[in-house]
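Now for the letters of each chain:
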Amino acid sequence: MALTRRALLGGAGAGAAALLAYQRLPLAPAPAPSVAERLPGGGQPTGPRTDDDALHAARRLSYGATPSLHAEIAALGVDAWLDRQLDPASIEEDPQLLSMLDQLDTLDLSPTDLRELFSDQEQRRRIPQQLIAATVLRRIGSRRQLNELMVEFWSDHFSVFLGDGPVVFLKTIEDREVIRPRALGRFDDLLVADAQSPAMLVYLDNALSKGDDPNENYARELLELHTVGVTGGYDEDDIAAVARVLSGWSLDRATATFAFRPFLHADGPQEVMDWSTDGRGGQQDGEDLLRHLAHHPATATHLARKLARRFVSDHPSDELVASTAEVFLASDTAIAPTLRHLLTTDEFRESSGVKFRRPMELVTGAFRALGTTLPIEDLGRGRSQAFRQFVQRVEALGHLPFSWPAPNGFPDVAGAWLNTGALLSRWNAVQALVGAGRRPLGPVDVTDVFGDARSAGAAIDAAVSQLLMTELTSTERDAVLAYLGVGANDAFPADDRTARQTIALLLNSRHFQFR
Amino acid sequence: MATTCTCDRRDLLRRGLAAGAGASLPFLLPRVAFAAPGEEAGRDTLVCVFLRGGMDGLSAVVPHGDAAYHDARARTRVRDDEVLDIDGYFGLHPALAPLQPLWDEGLVGAVHAAGSPDPTRSHFDAMDYMERGTPGDTSRPDGWLARHLLRSAGATPFEAIGVARSLPMSLRGYAPALAIASLEEFHLDAPDGDLDAVSEALAAMYGEPDDALSAEAARTFATVAELAERVPTTDRRGAEYPRGDLGDGLRQVASLVHADVGLQVACVDMGGWDLHESMGDASDGRMAGLLTELGSALAAFAQDLGDRLGDVTLVTMSEFGRRVRENGSGGTDHGHGNVMLLLGGGVRGGAVHGTWPGLSPDALDRGDLAITTDYRDVLGEVLARRRAEDDLSEVFPGHTQTSVEVVSSRVE
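Top to bottom, those sequences are chains A and B. For the record, in the first sequence the residue sitting at position 117 is 1439 according to our numbering, with numbers rising by one throughout. For the record, in the second sequence the residue sitting at position 248 is 253 according to our numbering, with numbers rising by one throughout.
So that you can see chain B by itself, here it is in the shape it has in the complex (with noise of 0.2 Å):
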């Protein structure tokens, strides 16, 4: 069992806020506690990477056994010349060399024709529906992941992050749950002399009343004063990440695994997918463009994690794949099916797991990639699984788990 460390508003003044300031503060409204090191290694880092705008599943595990893809994607298809083989039937786009050690490795592992089963093909909703994880529903007004956290509440600080400027909709309802855009940055900007002044007069100012406002007035000067005490860590272990906000977020969520701070759950979202035109081929344009940072971004990340890969698992998921006809300007329109990557040190990698519908005309869901897998079953699994989840009716409501295999159970 855990045991933690129940830290008061004065130990929290002592680790870096205000030193010596006698008067009683009122701005620590939670009491936060610190895990020690190590104390939750029951369950592994999920890190979900939010891939926005509809990314184009058949362009990056590539069925190119299929002839009706060629057929398709006559303009922007990956020729069998280009495609890394898998297994003869898919293949990796080119532009995820970075992660073909990893997959060969077997770290990495994919899902395909997965998906959300709502047919929406509406950026917002789906997006929408996805992160609450109820397709179709929008009656509970949290996400999956905040259902999921309030279960396995640890009550460390850095318990849940979105590196963001804003909190992820599957964050929503977890009042713990932190956004911050930049770990470095975040900071009171104020003269030397007077940052301690300033940062008391603003907390005795932003008491009262108890509201969300002054809950987030509390739990960022108790970030700050964290993040004061634990500087993340600089040392990259030789990755490099790509530039853009995947790489600058996985970096920073390596950091916090490295910082031990009892970092459960992390979002990171990477934007630019909706490629309704100019998609360009497979050595050049703007799907090779983002499947190289998003291949090299996720090799950084598990260089940098080293042996820690072993505890964290990263999935990656995307609101719906893109129509499988290309259409006349060189992109491709919202379509339903797409791929889920997961990384981590148990993932049953090396494989493309699911059931592959093929891609006839009688086998598309209005002209789109059907679903076979349900990405809850995907998420459900990795919960169950990675992190000792134990009612996934809870997480999921309504929706029945069907095992998927693409992770194995963690073992202590």
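Chain A extracted, bound-state conformation (with noise of 0.2 Å):
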């Protein structure tokens, strides 16, 4: 018989669209971006430069600078500053995002509850949007920012679709359980821990591989993605050797948690690469095989590319690769010290503004830019409108946390994000986000913004330094103040909507675009 997903988790395989309702998640795998792609236009955006070291490290570690983080970093020195971040238990966290967390009852939820949850057909949404919902509320507010990048990097190397089947609740366990506790910890640990987290047994299929007739789907993506990288010299039979070594690494059906099944599992030798086992050792032997991928010098290189990519610019240096994956491999893969690293080169130090924001960066970036958070109203009872209309909004923009549907996770540079298309969704989210369009997601508190200026140029720079943190071009300027139709040294026109107006202009200027 074959083992289908049914069969292990007695739920529907329902779709995406079942379980959250009301969006529509995105079916096809859109191309990866490569490496070498040509932007349209002609060379890479460029966006606001800085010579500040605080303010660099504020637009780049976290999930947009605001003045007071600038100051925190500033007060503190950026490697002070950098060495709190790296050990975030040490940060007390933001009193105001727990109380928030603390309503979102599905968090916290057991596998079996989980489960039982999931298997309940209106109430099951819950689920997804709670664990959306709370993934955005900690990028805003969380002070461990750097974490919570870490948590995001992770999540997109290890890119589970939530719109699979019972990967929408398994998620929630991986979530808590596998990525945040060692998003900063050692890559090895957090390798063999999720190549036993369920909803990536389900995802890639582990979960139904049997040693005489294996399903190859995790083996390649965990050698492809995971570790080596396409280039790190394996070929088809090593795939074959590997899913043949993880078969039997499943899921016991009534608690949805990891268990060995030795009757799936292919005993007898294989080989890997420059790893092999007689095969004798059972599930000790994938262990085995996981750590020596996690120590591979092709993984080091491959994870410093994208996390150089990540945190430095999408073309980083050789050397800068070299280097970070020599700390990489002399730390047993703690990604702690190798961060360390990264993030104080010259070549980090001199990459201000080149990095593009991913959609997600540029909302979460205005709502902390304007002092506000994800309205989460009645979420606990799954039916809360405004964050429908942000998960909408969001999903316009393509990059709805977990609904990646390949599993290369969301891709991380310019050229995969900046088009006609894209750009025209990212202004038009920040025209809802701010309230200038016909349905406001979030409170503003617009007289926070323009201060006290009474004069339409005082109030433009006042609002500038708040949101942008830069100066704006002297045509910049004038077209804003344009729109408003006064002179500098003429009266703000205070309304409520021209002053939201002014704002979403602000946020929707090309700077606001890189971090």
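One should not assume that every hint holds.
[As the list claims (entries may be wrong)] Listed next, the stretches of chain B that the computed footprint assigns to chain A, with coverage defined by at least 3 CB atoms under 8 Å from CB atoms of chain A: (1) 126-134; (2) 167-174; (3) 327-334.
These are calculated hints, taken from the structure and not from any lab test. Values in this document were obtained by computation on a predicted structure and should not be read as measured data. Cβ atoms here follow ideal geometry from the backbone N, Cα and C, with glycine treated the same way.
Hints in hand, dock the two standalone chains.
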């Protein structure tokens, strides 16, 4: 008999539409962006540059710079601030964030309780809604910003698609028990934990793999995406061998947790690149293989390049990748020292303005700049109108967390996110967020932004330093004044609608498109 | 020879962006020109449908006359009493029944055992190679469609479009190519009284410096203006598109064809084909569902196009086929050779083209269907015979073209 997900988990293989009901998740894997791609229009887009290391760190190592974060980094010094961020337990979490997370009652449910909730057609949508909401709330409000960035990095690296049947509830477990506790831990531990994560076991089908007739889905992506990379020096025989070594890594149906099934496991000698086993180790063989792969030099290079692309530039130098990979291997795959190296290099320091924000970074940046957060009223009951509108917006931007429909994770270079349609969607998302359009998404206190400035010029300048932390060009400033229909020295027409639209214009400026 | 009207920014303003604005707006960096309706009649509109995830060609166009197929696919096969027989050897999956009338009319055909010769079974590499048109080689930064369009540029605003949130690799490198997920929603959201003023302010703010971001902003405003001028048709001529990306995409492509905006190339995606488990059987399950969506979307597109189908060629491709032998979880792992479907007035339909290598063990490529037709031969023939491409070595560098005879030459 064929093993199926239905047999394993009891739940129907419900599609995303049924689970999230109101949204259409993307079902077509968009092509992976290529390193050598040429941007239309020629050349990499460039944002505001700065010589202020604290401002650069505030922009690049958070979900959106704010004047207060900038001040905090400047006061502490970039290196000391970085050390604190690399030790998130030392940072007291924001109490307002914690109390909001407390309202999300599915985050802490046990696997069996989650499974039961998943079987309730009416209620199950609360699980993905709350996971997405919690993720966005943390990105906006957490004081452990670098930790959140790494949670996202690993969620992309070990991407699972929330729309794939039972993954929708298993991802809550993975986020809580696999990714978050190890985001700044050791990569070898993370890799083994992820290989045993029910969400991954289901998403890439290893839970169904049988030793005498293996399913190669996970084995292939483990090598290509999670460890050594597509140029890592393996062939089709290696993939088949990995699938046999990891056969039997499956799920316990009753508890929805990892279980090793000896009767599904292929015994016998196996060779995977420069690793081999006599095949008598059972589950231990798989763990040995995973740890071997985690420490492989090709894995170090693959991860170093991805980290450098995330934090430094779309095209990091080979030297930066090599030195980062070296630290990764020398520190036994520990992530924090690897990051500390990467983020204290000259190449990082000199990289301000070169990373184009991905859509969610734009959205969280707007929330943070405006000092507001995602409205989650009524989310516990699964019927929050404001949250629903938020999800629709982010979905239109193609960047709803955990919704990339392929195992390679959301792309991380400008070329994948900058095109005609995407730019319009970004502008429209901000129009909606600020309430300049038809449906305001969050509370915005416009008086905070403009201070007590009387003249239009002073009001614009106040808002620019609050929101963008840079200076407008005279062309840009004139364009905003032209929108207001007044001169710089005339009174600022501070009606609510004009004020909101002015904010939207500033957040839609090119300065805000970069991190 | 086509006469075109070269429109400056002032014309575009009048076309709907910001009527009455006197200021010189710096947003229209590229000068765009509009071909009058019918002037691009010398070339078909090419519609490329990419079936992402690795579509199982053996389930779509079934070699039911081969015993090896039935042996390898004990759980997932299409039985002889289910298949829509074509020629006693091949047959269509029953879920492709919506295509049967088009097949019988000779408007739909297939090329079997086709694909990219590079041996990779990686989704991401295989898609990348296929869309670049240079298997095994990523040294060229552009896609095959971009290279073709650079040589046949018509300078119309909707010359090339990816109906998607991101521009497909095949169009990258061709600056005028647009990525638009929804034509209907392609407008700036601002309160009515404010729309013009907001548009002008944004356009001015994105006027400098001269980089990729400014260029995209300029294209965005030009496209919004053009769409405001030419509202896409809503008459669907009785066509009923299935829900999903493919139906949505083809519906919008048909709108652009009918609107005569000079559409040359359109790319539409359909995902979900990576069925490592639970493909299901011929009548029920995920494969049947996907093929139903595919067949009904293509049929609706043909219905919607009506007479214009004579000026359109649609071709499907996928990064690879699936392994011949099903796996232990009722699915199939990554394979190699695959089927390509073609739809259009110029298609030599009603037949399975190509050279069938068979499914005997020694005929397989690492357990997978071998490739006997390079996918570039199919695409190249479409470009040469339907789109007046006269130098395929520029489009597919290093590839020597072999004729497949799956489309006829365009007769003016």
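The hints, checked one at a time:
| no. | hint | verdict |
| --- | --- | --- |
| 1 | 126-134 | holds (count 7) |
| 2 | 167-174 | holds (count 6) |
| 3 | 327-334 | holds (count 3) |
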